[in-house]
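> Protein sequences, first through last, are from chains X and Z. Take the first sequence: its letter number 740 is residue 740 in the working numbering, and every next letter is one higher. Take the second sequence: its letter number 144 is residue 144 in the working numbering, and every next letter is one higher.
Hints are computed from structural coordinates only; laboratory data are not their basis. Small disclaimer: the values here were computed from a predicted structure and weren't measured. Each residue gets a CB set at the ideal place from its N, CA and C atoms; glycine is no exception. Be careful, since some hints might not be right.
Claimed, not checked - Just so you have them, the derived chain Z footprint on chain X, three or more residues with Cβ under 8 Å:
#1 90-97
#2 644-650
To be verified - If the Cβ cut is set under 7 Å, some of the chain Z residues that face chain X in the computed set are:
#3 Asp443
#4 Ser445
#5 Gly455
#6 Lys457
#7 Glu461
#8 Arg465
#9 Gln485
#10 Asn488
As the list claims (entries may be wrong) - Each pair of labels, with its calculated beta carbon distance range:
#11 Arg295(Z) - Met566(X): 52 to 62 Å
#12 Thr427(Z) - Arg535(X): 50 to 60 Å
#13 Arg535(X) - Arg295(Z): 53 to 63 Å
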Amino acid sequence: MTEQMKIKINGQEYGANPGDTILDVVRRHDIDHIPTLCHDPKLPPYGSCYLCVVEIEGLEKLVPSCSSPVAPGMAISTDNERIRESRKTALELLLSNHYADCLGPCTQTCPAGVDVQGYIALMSMGRYREAVELIKEKNPLPLVCGRVCVRECESACRRNLVDDRVGIDYLKRYAADVDIENPWTPDVPKRNGKRVAVVGGGPAGLTCAYFLTLKGYGVTLFESSPKLGGMLRYGIPEYRLPKALLDREIKWITDLGVEVKTGVSLGKDFSLESLKTGFDATFLALGAQKAKTMGIADEGQTEGIIGGADFLRAMQTEDPPKIYGTVVVMGGGNTAIDAARTSLRTGADKVVVLYRRTMKEMPAHQMEIDAAAEEGVEMRFLSAPLSIISKNGRLEALRCIRMELGEPDASGRRSPVPVKGSEYDLPCAFAISAIGQDIDLGTIDEESGLAVTRQKAIKAGKTSFATSIPGVFAGGDVITGPAVAIDAIAHGRQAAFAIDEYVRKGSTTSADKEFISRKEAFGEIPESAFAEVRRIEKERMAELPAAERIKGQAEVEVGFSEGQVMNETGRCLECGCSAYFDCDLRKYATVFGVDINKFAGDARKHRVDGSHPLIALDPNKCINCGRCVRTCSEILKVSALGFVYRGFKSVVKPSMEKPLLETTCISCGNCIDACPTGAITEKMPFRKPGPWAFKEVESLCAFCSLGCNLSYRVFHDGLFTVSNVNGASHNKGYLCTKGRFGYRYMLEKDRPLKPMIRKKGEWHESTWDEALDLAARKLTAIANASGADSIAVLASPTLTNEELYLLQKFVRTGLKSNNIGSFTNLARGSEQDGLDRMFGMTVSTATMDDLGKADVILVVNADLSEEHLIAGLKVKAAQKTGARLVTVSSSEIPLVKSSDLWIDGKRGTTTALISGVCEAIIEKGLEQKKFIETRTEGYEAFKSSIARLDPGLVAEITGVKREKLLALFDLVSDPKTNVVVVYGIDSLWEKSKNDLQALGNLLMLSGRVGKPGNGIILLRDFANSQGLLDMGVDPGYLPGHIRANDAGRIEELGKLWGVDLQSVFKPVDLKDAMEKDRIKGLIVFGEDPLSVTSNLKLTSGAEFMVVVDSFMTATASEAQVFLPASLPIETEGTFTACDRRVQRTTRVFAPRSGRENREILAALAEKMHIPLAPKKGPDIEKEIRKAVPLYGKLAKEGFWGKGLFEHTFMTATGKGEFALYQDDVTPQRGEKGRYLFGDNYFSLEIGSKLMP
Amino acid sequence: MKTIKVGLGTCGVSAGGDKTYEAIKYEIEQQSIQATVKETGCNGMCYREPLMEVIDEDLKSYLYGEVTPERVKRIMTEHVLNGTPVDEWIVQGGMPTEDDLFLKKQKRIVLRNCGIIDPNSIEEYMAVGGYQAIQKVLKEYSPDRVIEAIIASGLRGRGGGGFLTGVKWRFCRQSPGTIKYIICNADEGDPGAFMDRSTLEGDPHSVLEGMMICAYAIGAEEGYIYARAEYPKAVQRLKDAIRNLLAKGFLGKGIFGSNTNFSIKIKEGAGAFVCGEETALIASIEGKRGMPRFRPPFPAQSGLWGKPTNINNVETYANVPWIIVNGPEAFSSMGTENSKGSKVFALAGKILRGGLAEVPMGITINEIVHEIGGGIKGGKKFKAVQMGGPSGGCIPASMGDLQIDYQQINKTGAIMGSGGLVVMDETTCMVDMAKFFLRFTQDESCGKCTFCRVGTKRMLEILERITDGKGQEGDVELLRHLAYQIRNNTICGLGQTAPNPVLTTLKYFPEEYEAHIKHKKCPAHSCPALLTYSIREEACKGCMACAKACPVEAVSGEKKKVHAIDQALCIRCGKCFETCKFDAVLKD
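Bound conformation, chain X alone (with noise of 0.2 Å):
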């Protein structure tokens, strides 16, 4: 369509149409995004939210873009400085009300951003090497971290307001740990022939060197000691962080591609000057190591006196310090900690730590701390070293004094004090002075002009890490002083960004900062919060005893086991959104740089409601844009969501309040997409709910037979949900239950993944080779004693069309026997042929899509809003533009209430109904006769047939009222108004014999077949019923529906193939021939129909029964093979939806029994000898298209898989119609359609009533 306005939008001329709003006709032309939180595009214009405001040429105000209309002429603009101010307010103001937590504490608190709550999640199912590949997105050192970190998280951690922290760090360990065994290693891209030098090969230096190795750069690390490490190495004792660990860890990074030159050094060896050459940038992390002086007389001359730093550092040395006797170790930090228990280990007979205040100030750890007590090291508090005391020049005591605590300082500590006179000797053999480090840049930034601090501090951006030297960066302990190993990890990583981003660009801007929304930002959270939380116990960490501990290096913490993990992965209490990746309010409050103290105020707090198994709702996250409220009551018509109160107060819950699951709700889960925040999100099937990025991946629903499209949202290898997608699919971002949450069973950890044999009624688990051998042997051997007939094959109508093609050809050209069916359609007895002698076949001859252009819509047989929930949104929504619902229904199914006329008949009277609508319509003149003479045969007997059925003899065989049948009879008669039926074929309940002819008489008597905007949808229960029969996948039909009486096709197919199937194409009854043990050996592909005891009688026969299922069915653990079938999620795959678009499922993980169903029946043929080809996808699917003509006509148009029929069928005779429905069905196609009836036509219904 051509629009057929002009208006201006920032400066730009655009068409537009009269009803677009702006937004639309922005998005339309893709001229700027404008953010919206209440808009949806699949409901009408809302207009809450005030995001999406925009100016107008000449208006005062701006407007919502969302809801107002476009006139001719209007200029629009859509992004200045007042819009982005009004826009960040009304941001400012939503968050302002938004009492919630986008992360937990833990990931807020961490320098570094580690993702605790998703690695946790991972861990909490075991999986460690997700959880490790998680936690090296941010941090490069879990190994090292798990050890030494300060665990600012765990301070942070809620869990402190429960009962006590959860134990981070230790789980961070116990994953590194189980990885490194066999690490999980990155893709390290191809060099981009950048370089980048990195001095230092401490925390910082490494985590640097380890992103720009992942960014492309080549790095080389320069290192002054022997070894890299750093800090890690030659300030952290071995008791704490094994070396060989450390060494495994710095290798995992180095072998990444990292060059490394160790005993190097910036000053002596190389200049910043000389870098400049070779290295398009420079990354110093060079520390902190020079151990502060105590500041007391002949400090430096003492044999005796070591510095802290120089201890631990000598220690790692080939040639450690010989220490004995006494040890005073003066400091209360974590140096003096490690370096008092170092000493205990290397000889010391006591340590000593003299610390100036109390044990209250110790910045140490206090685990550190405790441990040290335990392992006996003594410590004296409130005392300072005043002096030497020492003989020829070796120390021989400390002059000390004790300190007494005075007013607090501005660290806020108490400072300490002497107490005159308390002087007092402390006899030792070696003072250690862990008072702190120094930064020693040496003459680096006088000779280099690098501008440093007082404190020689290099000055460096707090985000860009850059220097006062272009090309140069710095960042770890150099920058700040002496600070801690996960700040230096922060820095390497951000700095490496910084990088990159100066390589390619040649500057470097300071990053946007991403919002996060806390809970403390409105205040303390009182414990009362927490009040309904399960206590659970803490997991303590094994250590081994004290005394074990002095006698050596070993490492004191054993670690955790893995059921330990398993109870402290459970007591985190998941703090962080569970929306965090995908929430459109966090994405728009970064962009806007929103501030969220800006308005601070009261904000309202309410529960969770967590009453439902599958949603959750949070109503504090809720901003009102009410898509949840329309989508449920205006869309599904169920109305379970609403809005409370009034005002400041207002908010979105369950209605009356109630839990959700007390409501109307139906579990579609349709509000969860609907939702743009975390407000309504669904309770993810895992054990801990991550949240964990992920990627979308674009599939087909594998429930009923409507072909919704849906989107699986991937987070690791098998971990894995659905949403909602607008996709090419008529469902358009609407899913029901089954396709919203029914993905959950393809989660089940205990499904066999192992093919099995059964010995003398035991299952044995086995290999491919051996299962498949015996299955082979035993089929073959039974069709040779007992002939090709004795064997038959059952396929589940949610097999895909290649699967099944390639089952019944196995059947037909391999086994040469027609023995190919499916249990579900034998079993039931279904209506699959009900057309055929009428129309050619038994198909939809209108689309999903045709619902929309009915003027009236006629629901046979079918619960929509139980079975078919799409098909009902369909129908609704048509409602809405005017069309009009008849349901046809014994019982007031939920439908009924939506109905503009409930035909209530009694059960089995159909056929009466529908033919007294034909007799009403001939009655008034108004079949149609052209139609009737050119397409249908058999018009007159009919007519007489039904010729009798006045309303008056109808109402008596329906038990429907008079009034309602003129109300039908009006309706549908006039052969202008559009009339599409909906006829469940594959429902029992309300079904009569012959209500699916009489149904086909009607459409043929008023013309309505090939006419768009009429026909007949036949909805079917499972995901490929239709493609099954396209697929031949019956003893009546080949593929291309052939039937036994098509000679000439039967022979066309045959020489396809290669076969004679004039020879094994003949009818048979494959239940009867069940019943009556004909058949000794049974293939059963994804069907159980043991499910139901009384079907024994028919595999009862049967001596050797092969299953192929993904689960131990019923019907499997009845079976002598089992062969572990591949999901959906596993499968590629088309899928033939009820009314015929031929869609592509989509396989997203490689099956993990190892097999797709494909390779599964490939590979039993090959055992059984059989040659069974095409054997690859797009072969399989070139051959359907020459067996099937239908599906041809795919292929001429280039279509197929994801594109649908509707896209061939659109060119072939213009926009929007499904030629394939107007041509393929016998009244269209040059043949006539016969209209059926016969002597018990209505006997169900009236029995002698008619009958003269």
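Using the hints provided, position chain Z relative to the given structure of chain X.
Chain Z alone, transformed into the frame defined by chain X:
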């Protein structure tokens, strides 16, 4: 025989009018007085209720005010029985009174029958010319001519928007569709406004007749009255009136013998202020949550059940029959260039004569306050008026010569609104006043639009901290920022006008905000948190009265000695100030 009328509108009843009525009937019986007693609606003099009118045989009328049951006996005996009016209680009639001024400057069109006829009697309405207009229209006017007449009269919607009524009708008439609706908005929600209630209670038929004329003009066969459930009396009167109309065959098929059909349904609202907004009101009638939606489409294009719908309020409809009977020129001859006719105001606040006054457009604020209203109570200084309820704004006394005219009032930042007029004197704190009205709108926000839902809450919190003495540098700027954002970024009138009280007080009384924020003082001595009470030593007699009254023992001192107030203990309750007989407690 004399006729006695007693005002039994809601205002009359709440002042005890029903007891007065009973007392009159009792006296008639006891003293066997020959007189007819009738009830009537409110004549506007709410400040004098209960009102009792005695009409002599010569049709001379005497209106007595504040007629408590105790006063009834004397009036009945001396006046009704013996023919001697009780002069000292007469507020109107007989001789000139102060109260004459209340009515002198009024021009009663909407209230033409209120307080005069018995609202329960369709006959009385017809006796004063009721239902002449509709019959004239049905016989002589084409629908377009009706619309032309309404356009010519210059009548504007009295609900607040001030849109030209006739033009609105024409939009609806011209909208395609065979089914159309009209709605009478009787969801009067402004605090302190009761024009519509009084009209419905005093003269329901004038509204119904106006609706009939409108329905005929636009081609609607069904009308709804959306009335507040809090107006039981008005709803009852409407129901009775509709029943009477039906009994006479004046409603339903073929009204007044024409071939025009019209029926009226009453829908009682649940008391949400926002349901006075057209689209929310429609949603509410449809049974949905009362939430406004974006316009266009306007109700005239797509309203109730998606059909073209015309909505006017009670006062607008009540004007219509008068315009038809007296001609559009008679209406347009009153008022200013673009504001014609009269407007009913509900006078409230620190004014001497509070009540309903219908004044010709063009009258000045000073005339209303000082002449009709009799000036400020207690001789205090006139400071400002708040016009238009919570959606309106304040106009300072210095602009008292402003004429009542849609455009002129809009220029001040206030609006005509539905006619609430609250008078403030020097003791009213303007920040507190803005807070009061904002709290109302904030409470009544439906919660749909971000800016109204959260923004008004944040503005209110800022005002609260300012009046609590916790105002911060930058608060005024933040208020302005939010106010403009809210005005521009909300769907309906509620949100768009909610900041008006704040914006106008910021405009006219910036110094009061500054005093609160910077100096932590309330110039009107009204915000408790900002007051300090101290003892004026020269006046203190040392009587201990204030010390005894103080609930927190902040007053120290001994008998006969000057007291002192400990500011650290004082909770600023003002008990000492109220107790002191010697003006020795200083409030500052």
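> Each hint should be assessed against the structure and marked as holding or not.
These are the hints, each one checked on the structure:
| no. | hint | verdict |
| --- | --- | --- |
| 1 | 90-97 | holds (count 5) |
| 2 | 644-650 | holds (count 6) |
| 3 | Asp443 | 6 Å, holds |
| 4 | Ser445 | 4 Å, holds |
| 5 | Gly455 | 5 Å, holds |
| 6 | Lys457 | 4 Å, holds |
| 7 | Glu461 | 4 Å, holds |
| 8 | Arg465 | 9 Å, violated |
| 9 | Gln485 | 5 Å, holds |
| 10 | Asn488 | 4 Å, holds |
| 11 | Arg295(Z) - Met566(X): 52 to 62 Å | 59 Å, holds |
| 12 | Thr427(Z) - Arg535(X): 50 to 60 Å | 58 Å, holds |
| 13 | Arg535(X) - Arg295(Z): 53 to 63 Å | 56 Å, holds |
Going down the numbered hints, you'll see the structure goes against just number 8.
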